[in-house]
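Q: First to last, the sequence lines map onto chains P and Z. 1 is the number of the first residue of the first sequence in this note's numbering; add one for each residue after it. 1 is the number of the first residue of the second sequence in this note's numbering; add one for each residue after it.
Some clues are possibly wrong.
[Unchecked claim] As a list, the in silico DSS-like pairs of lysine-lysine whose alpha-carbon atoms are at most 25 Å apart: (1) Lys62/Z - Lys52/P; (2) Lys54/P - Lys16/Z; (3) Lys169/P - Lys47/Z; (4) Lys52/P - Lys47/Z; (5) Lys55/P - Lys47/Z.
Keep in mind that the hints were calculated from the coordinates and are not lab data. Keep in mind that this is a model prediction, so the values were computed, not measured.
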Amino acid sequence: MTIYDDYESKKMLESINRSNFQKKYMQNFNLEKNKEVLYEKSRGNVKIEKRKKKKLPCVIIILMVAGITATVSSHIINLKNDIGASIYAISNDTTVDDHTFKTNDGFDYDNKSIAASVLASDNQENLDIKLYNLYLDYNYQVIEQMNEVFAHMHTIISNNPDAFTTEQKKVCFYPDFQSYLSARGFSDLEDYKKKMNEIINIYNNYQNIDEKLTEEFNNIGGR
Amino acid sequence: MDNFTEIDTLTLNNGKSYIVTDQIVIENDTYLFLNNENDYSDFCIKKLIPNNNEELQGIETKEEFNRVLNAFLEKNKDLLKEE
Chain P
1 MTIYDDYESK KMLESINRSN FQKKYMQNFN LEKNKEVLYE KSRGNVKIEK
51 RKKKKLPCVI IILMVAGITA TVSSHIINLK NDIGASIYAI SNDTTVDDHT
101 FKTNDGFDYD NKSIAASVLA SDNQENLDIK LYNLYLDYNY QVIEQMNEVF
151 AHMHTIISNN PDAFTTEQKK VCFYPDFQSY LSARGFSDLE DYKKKMNEII
201 NIYNNYQNID EKLTEEFNNI GGR
Chain Z
1 MDNFTEIDTL TLNNGKSYIV TDQIVIENDT YLFLNNENDY SDFCIKKLIP
51 NNNEELQGIE TKEEFNRVLN AFLEKNKDLL KEE
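With the sequences and hints as input, model every part of the structure.
A: Okay, here's the thing in structure tokens:
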């Protein structure tokens with residue numbers, strides 16, 4: 001089940017990016033709702049496998065503390081946007097498990113390689129459009145697959161931040177697909193499809209502009 | 001202008017690495033607020049076990065959970081108003 005399958009979550013996402021008052025209200029709502037999730041995660045003993053010291057900007061810690069009270073969507077994303085550049089500078093030891101996404105039918109997507117290919121600068125295609133095409137390409141567990149791609153992209157960029165553009169860093173800063181969609185202002189998956197198709201139409205028209213101009217001139221005649 | 005601070009990160013037996021974002025002492029119990037290092041929106045609260053560096057104790061009851069969460073919110077209420 002994804003966040004979009006839940007009616008309350010869907011309504012919540014639709015409310016993102018509206019007035020500050022609504023944001024504040026939604027934060028309180030989220031806090032109440034997510035207290036249950038937080039409670040469940042906080043139950044049960046856990047083993048500590050490894051301890052490590054790490055240097056982080058103080059502002060990140062402060063913002064994470066603030067973030068705990070508003071666990072979902074816009075608030076967290078806004079915090080991340082504010083501190084994104086700093087995190088890339090210091091989180092180069094962040095890693096994502098190197099594995100492919102396995103399913104019951106035994107068919108795997110190598111999402112690590114896919115993430116690298118999405119970020120490859122071998123063509124000029126817009127990154128958002130690449131991601132949308134990827135979204136359309138997945139046949140099953142689409143959200144989970146996209147989430148894994150985002151995690152891998154995050155790691156790739158964190159390991160070599162200087163090699164990527166600011167735009168790439170912004171997109172890949174989101175921890176998962178849903179955060180990306182929310183931050184981009186898509187209210188749900190239907191909205192995502194509708195708007196991306198509109199954008200791609202504009203993009204395609206732009207790509208073919210020389211051809212279209214020639215066609216128009218030919219229609220005018222005189223050549 | 002060195003605004004960096006050294007923090008602890010813990011890799012738990014679920015394979016995920018968590019940043020120790022905050023800690024609160026309530027009636028001699030120390031509670032840690034842990035944020036997933038790769039997804040800051042994923043977090044949980046665990047309790048230190050005295051003289052045990054290999055394990056963290058989970059929250060046992062709703063009452064305990066609410067007490068810790070309220071203490072956390074009270075501690076950070078000024079910060080939250082900044083939004």
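Q: What are the numbers of the hints the structure violates, in ascending order?
A: Numbers 1 and 3, in rising order.
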